[in-house]
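Single-letter residue listing:
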Amino acid sequence: MNRINKKLQEDHKLLSIYCTAGYPELEDTLPIIQELEKNGVDFLEIGLPFSDPLADGPTIQQSSTKALQSGMTSNKLFEQLKDIRNSVEIPLIIMGYFNPMLQYGVEKFCKKCADTGIDGLIIPDLPVDVYSKKYKAIFEKYGLRNIFLITPQTSEERIRFIDSVSNGFIYMVSTASVTGSTSGFNEETRNYFKRVKEMQLKNKLIVGFGISDKESFIQATQYTKGAIIGSAFIKTLNKHGKAGIGDFIKSIR
Amino acid sequence: MSYQVNEKGYYGEFGGAFIPEMLYPNVEELRSQYLDIMKEDSFQKEFKALLRDYVGRPTPLYYAERFSKKYGTKVYLKREDLCHTGAHKVNNTVGQILMAKRLGKDRIIAETGAGQHGVATATVCALMGIKCIVYMGEIDIERQAPNVARMKMLGAEVIPAKSGSRTLKDATNEAIRDWINNPLDTHYIIGSVVGPHPYPDMVARFQAVISEEIKAQLQEKENRENPDYVVACVGGGSNAAGAYYHYLDKPEVGIIAVEAAGKGISSGESAATSALGNEGIIHGSKTLLMQTQDGQITEPYSISAGLDYPGVGPMHANLFTSGRGEFISITDKAAMDAGLELAKLEGIIPAIESSHALAIFEQRKFKKEDIVVVNLSGRGDKDLSTYIDYFDL
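First to last, the sequence lines map onto chains B and E. UniProt numbering applies: residue 1 is where the first sequence begins, and numbers increase by one. UniProt numbering applies: residue 1 is where the second sequence begins, and numbers increase by one.
In short, the hints are calculated from the structure, not lab data. By construction, the Cβ of each residue, glycine as well, lies at the ideal position given by its N, Cα and C atoms. Check each hint, because a few of them may be wrong.
To be verified - Chain B side only, calculated, beta carbon under 8 Å to chain E, not exhaustive:
#1 F78
#2 Q80
#3 L126
To be verified - Lysine to aspartate or glutamate pairs mimicking DMTMM-like chemistry, simulated, CA-CA at most 20 Å apart:
#4 B:K66 / E:E299
#5 B:K134 / E:E225
#6 B:K111 / E:D294
#7 B:K66 / E:E13
#8 E:K368 / E:E65
#9 B:K134 / E:E279
#10 B:K76 / E:E7
#11 B:K108 / E:E138
#12 B:K82 / E:D294
#13 B:K66 / E:E138
#14 B:K133 / E:E299
#15 B:K112 / E:D294
What the hints assert, rightly or not - Over 10 Å on every C-beta distance to chain B, these chain E residues come out as not near it, computed from the model:
#16 P25
#17 F47
#18 P60
#19 E142
#20 K152
#21 L154
#22 K169
#23 D170
#24 R177
#25 K215
#26 E220
#27 H246
#28 K250
#29 Q296
#30 E326
#31 R364
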């Protein structure tokens, strides 16, 4: 069974962390992943940096720019991760924009992910209709889960469609925003979590965007299976470096 | 086969809407309504009235006699440089501000490189009394101070894009992020035939007035609607899309697209996307773009700020790969010389973007009886300091 699906069956709320590959230093990818697993993080999103990350706010964008300047590329990331499954067991998801994958070759990229032990992909700018027509078969051939986003503005019909083509989890964007722009949830947001939960989708829900501390993690997971922290984790790295990882994770859990 | 957009938003293999889900409702709202809104009588009436009374259309189709004589062919200039605000850009912003009003939006955002589209957007927002925010790269703000001042005079707020390379592509990213953060009240006025569907088609339709007028004017002057060639410079490609629009599916009309070679195609400082780019995704559209092998979008260069975009609109990507369009690249030097030459031969100082289109006559021969229409997309006032520095005037 795919590690993501297995993890989703565990009987507790899941904490996921987003980290940018090659940040803060080019060779930090692997040690950070190991440190996060050691501290009990349930699964990871590894950001493949892109020059023009439309859905990201300044924090993640700056980390991407720096990683690119340090020399991060798709090839470099696969090289860094080639033995990852000797030391890390939790599910790993690559989050990246579509253009670098397109240049790498979508099939070649998927094969490389499978060979490396990557379990799924999040590609914010690959629309679900293009995916289901053109790329779904390739992802399935390599056993990769493709994770789609929904937002408070996504219609019920479209959520049902996204649910029908998903086989991992659904990434609930908490508010209409880019990453790192809000913190804490208002009643409207909680109602949206509740509304989608009540749709009884076949895929579990994981919330992202706007989760930065214990309180927002608890709020976000009240109606969902788990939550993803991105910008707040990058900010911790900026402030305390790798040494701050343990304390940060403990402050959430 | 048509070179217009198909019902799915593609020009051949190019186009579509490669956007994050957060943008889907905004883009879908526009996509589902833009054609119906544009078809409304009241919309057309208001659009045409503004183009006539405010923009100053129709712009003349001028037979450039001395220029023609020099190059041994018959050259007409479509005088978009005489539009209000100095370039064709305002055709699109007039159309989109009316679109925004009908969609019930009361906040406008735009991106700008050299500032021409920003000024054209700020202008129509002032005209309609609508709040206007323009994103502009920090570096462009420094080198285009007069246009920043114009936008401020017109009541717009200019926000510096401080991310990435701090130029046009980053200003576009910032505008898109703003739209993600403000999905309900805001309309994004994109300045070229780029971005996710329906933008390339919608902007092309607003600019199509250029070729619509050329047809009627050529009929009057030459007793024929079709020139042998229509020539335009291409950055993102909005003036070109407008100049080609009604000729796209007329194979008897040659389409010539002129890109900025900068300091030379292989100099590493160029913006000739068709020569240097390959298929990829930029700003929500599948098209040709300049990028690294790893798929990172690179920063182009041209002496003309309006041509240094790392992609081209999907319509043009399709014209290039299908062979329907002839693509020529022109260096900074050739363009500057052509601009100076037009000034001396015809008393018209062109924008440096448009100078690229004029420069092809030095390297591309036409028959004596050919009728060649060059879209003179903008005037050179904004480029005076560049002309002064370059020619030591």
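Do the hints match the structure? See the list:
1. At a threshold of 8 Å, the smallest CB-CB gap from F78 of chain B to chain E is about 12 Å, leaving the interface hint violated.
2. Nearest Cβ of chain E to the Cβ of Q80 of chain B: about 15 Å, over the 8 Å cut. The hint is violated.
3. At its closest, the beta carbon of L126 of chain B sits 7 Å from a beta carbon of chain E; the interface hint therefore holds under the 8 Å criterion.
4. A distance of roughly 16 Å separates the Cα atoms of K66 of chain B and E299 of chain E; the hinted pair therefore holds under the 20 Å criterion.
5. For the given pair, K134 of chain B sits about 42 Å from E225 of chain E by alpha-carbon distance, which is inconsistent with the 20 Å threshold.
6. Distance check on the hinted pair: K111 of chain B and D294 of chain E sit about 17 Å apart at the alpha-carbon level, within 20 Å; holds.
7. As the CA atoms of K66 of chain B and E13 of chain E are separated by approximately 33 Å, the hinted pair breaks the 20 Å bound.
8. Annotation: proposed proximity of K368 of chain E to E65 of chain E holds, straight-line Cα distance about 13 Å (limit 20 Å).
9. Of the supplied pair hints, the one linking K134 of chain B and E279 of chain E holds, its CA atoms being roughly 16 Å apart against a limit of 20 Å.
10. Distance check on the hinted pair: K76 of chain B and E7 of chain E sit about 40 Å apart at the alpha-carbon level, beyond 20 Å; violated.
11. Using a Cα cut-off of 20 Å, the hinted pair K108 of chain B and E138 of chain E is violated, with the two alpha carbons roughly 38 Å apart.
12. Proposed proximity of K82 of chain B and D294 of chain E is supported: the alpha carbons are some 18 Å apart, at most 20 Å.
13. Between the alpha carbons of K66 of chain B and E138 of chain E the distance comes to roughly 19 Å, so the proposed pair stays at or under 20 Å and holds.
14. Under the criterion of a C-alpha separation no larger than 20 Å, the hint pairing K133 of chain B with E299 of chain E is inconsistent with the structure, at around 32 Å.
15. The suggested pairing of K112 of chain B with D294 of chain E holds, with an alpha-carbon distance near 15 Å, which does not exceed 20 Å.
16. P25 of chain E, annotated as away from the interface, has a beta carbon of chain B within 10 Å; the closest lies near 4 Å.
17. The Cβ of F47 of chain E sits about 29 Å from the closest Cβ of chain B, beyond the 10 Å cut-off, so the non-interface label holds.
18. The Cβ of P60 of chain E sits about 40 Å from the closest Cβ of chain B, beyond the 10 Å cut-off, so the non-interface label holds.
19. The beta carbon of E142 of chain E sits about 20 Å from the closest Cβ of chain B, which is more than 10 Å, so the claim that it is off the interface holds.
20. Distance check on K152 of chain E: its Cβ is at least 24 Å (rounded) from any Cβ of chain B, clearing the 10 Å threshold; non-interface status holds.
21. Residue-level check passed: L154 of chain E sits 28 Å from the nearest beta carbon of chain B, beyond 10 Å.
22. Some Cβ of chain B comes within 10 Å of the Cβ of K169 of chain E; the nearest lies about 6 Å off, and the non-interface call is violated.
23. The Cβ of D170 of chain E does not lie farther than 10 Å from every Cβ of chain B; its closest approach is about 8 Å, which violates its non-interface assignment.
24. Look at R177 of chain E: its CB is around 5 Å from the nearest CB on chain B, not clear of 10 Å, so calling it non-interface is violated.
25. Residue placement check: K215 of chain E keeps its beta carbon more than 10 Å from all beta carbons of chain B (closest about 37 Å).
26. At roughly 46 Å from the closest C-beta of chain B, the C-beta of E220 of chain E stays outside 10 Å, upholding its exclusion from the interface.
27. The claim that H246 of chain E is not at the interface with chain B holds, since no C-beta of that chain comes within 10 Å of its own (minimum 31 Å).
28. With a minimum CB-CB distance of about 32 Å to chain B, K250 of chain E clears the 10 Å threshold, and the non-interface call stands.
29. The claim that Q296 of chain E lies off the interface is violated: its Cβ sits roughly 4 Å from the closest Cβ of chain B, which falls inside the 10 Å cut-off.
30. Once the 10 Å rule is applied to beta carbons, E326 of chain E is consistent with being away from chain B; the minimum gap is 27 Å.
31. In this structure R364 of chain E is separated from chain B by more than 10 Å, as the shortest Cβ-Cβ distance comes to about 33 Å.
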